[in-house]
Amino acid sequence: MIKTVTSVGLPVDETLTIKKRRIMPKEHKEGMKRISIVTGIHGDELEGQYVCFELARRIEESIEHLKGIVDIYPAMNPLGIDSITRGIPAFDLDLNRLFPGNMEGDMTEFLAAGMVKDVSGSDLVIDIHASNIYLTEIPQIRINELHDEELVPFAKEANVDFVWVHGASTVLESTFAYSLNSTGTPCLVVEMGVGMRITKEYGDQLTDGIMNLMGKLGIWDGETKESRKPIISRNPDDVSYLNASTSGVFVQKVKHWEELKEGDIIGSIVDPLSGKVLDEVKSPVDGILFTIREYPIVDEGSLMGRLLRKEAYKA
Amino acid sequence: MKKKIIYELKGLYRDDFRVTGYEFGSGEKSVCIVGTMRGNEVQQLYCCSQLVKKFKQLEEEGRIAEGHKILIIPSCNPYSMNIQKRFWPIDNTDINRMFPGYNLGETTQRIADGVFKEIMDYQYGIQFTSFYMPGEFIPHIRMMDWGYSTVENAMKFEMPYVVIRKVRPYDTATLNFNWQVWDTQAFSLYTTKTTTIDPKSAGQSVLCVMKFLSSLGIVKYQSGSRIKQSEVVVDTDMVSVQTAKSGIFESLVKVGEYVEEGTPLANIIHPYEGTIMETLYAPVDGRVFFMHTDPLTYANTAVFKLIANA
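Going down the list, the protein sequences come from chains G and H.
Numbered according to our numbering, the first sequence spans residues 1 to 315.
Numbered according to our numbering, the second sequence spans residues 1001 to 1310.
Derived by calculation from the structure, the hints in this document are not laboratory data.
Misleading hints may appear alongside valid ones.
[To be verified] Below, computed lysine-lysine pairings styled on DSS-like, alpha-carbon distance capped at 25 Å: (1) G:K200 / G:K255; (2) G:K253 / G:K310; (3) H:K1004 / H:K1054; (4) G:K117 / H:K1245; (5) G:K282 / G:K200; (6) H:K1003 / G:K19; (7) G:K200 / G:K19; (8) H:K1228 / H:K1245; (9) G:K3 / H:K1245; (10) H:K1010 / G:K276; (11) G:K229 / G:K255; (12) H:K1220 / G:K253; (13) H:K1002 / H:K1056; (14) G:K282 / H:K1003; (15) H:K1003 / H:K1220; (16) G:K200 / G:K276.
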């Protein structure tokens, strides 16, 4: 069943509609649990598209096992998805800095408020992001430390490799996840893969995790795969950042999720005009690379990767 | 006048990225004026260029008081201006959402850090800035309801209005907010336009900066004997007029105009058939403070903000 979450008319012969698909058991029972799968808040992040499709396919294949409600919101920012734009086109605004929105506010705030209203009350929300077009991320869940206690038990069942409990920041109070978590609807933020692409392997991994969570919530009584045990990091010192020392072209030499020793070469920053190697990028610590630069052009300071220190996962 | 490079990044195929400042006078760090952070803020650049010209003249004529240093940075983002893009060329981030910056962080965090280190110790900070929506304003000083800046000092610009803004979460990463955290009295100055040059409101802003500095005894500047009182308005007290329909926006009034309740403010016209789908009326007696200026508008958009009669 396709439903309209919220909509608004555009200036020239078009209506912007945010849609969701609701999948329910044939027999409706009172008090059924609800899981909501949300993606496309950033229009250039497409990894969640495959997850929405694959999840629905698996559910329909064995619909008799469905015991609750699954709401799928594949495109919270349809104009962005259609125009390869991260934010909301025309406004140049990041939708994920507008929540909880305002029903009486401008168009963008009105849409944001409509989304929160529709998703609120779910027993669990999964908000799927895909890093951005510059970085590839290993499947991971990011949790604001304020919501550690409620969310980490869910995150452990989501079949991701890494759970990053990070510090609170005032700026992040305008995100979709914060708006939900601070009003009693648990929301997990997944980051995986890279912008503008679909990594099927990661999509399948997360779909297994969502099925597992549905099982734990009593929404699914069919077979599920046991979740892999994620590395959980709560210490800000666990994560080491690699920023470009100079502008140039980054050429990667190691693989994603590879264990490195301090001093191992991760890649080079080169200058194709002069033919010179401007910098050898070395691992600053012993650890595992959970973020790696995908887009080769770097300015001084551009993020090229993140490492999780060995102490965080070998303890 | 001393021209100096405030911050520099090496370009790969482009010229190096430079943030250039102009220093006048010497002594304690009294006033810092910052222009564009975004690539479309042409009016803000123009205003700063006029201030550089004016301060050069004042310095040559010995009209900057002893012991005061003034720094003007016309643009913190020439890279974006030169390609007519609002935000940072590669990653589309906004420098004015990166303060106080981080010297080991990402590119725009480093730019914010490099600039902020140079300007954080000034006693007063003035930023020429713009609104996220396309539109025109009555020139005004905007300050946050939190922090170190005082309304009393904001009034010294003698601009028509001082607007007090309620702090939102994203404001905490702006220059204005962080200036105040580090004990600088910070004021944002809005002129009428952003993407086009309006010499009249630019001239007014130059005059208002002169009045402000003159009242603080930093420059000697005669601007008439009568002090103009700014009206102080809280942003949440303004009356928004929203569209119910999307379509072609046809304004019937001008920014700054006084309107009576019931005055037609704008028509929203059907984009194909030319019919009027909606007429917006003034809900109160008051002055048009902000007006949307794009030829097209969306539904649910606040296209006017009015300051109602007290």
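Output the indices of the hints that this structure fails to meet, ascending.
Of the numbered hints given earlier, those the structure breaks are 5, 6, 8, 12, 14 and 16, listed in rising order.
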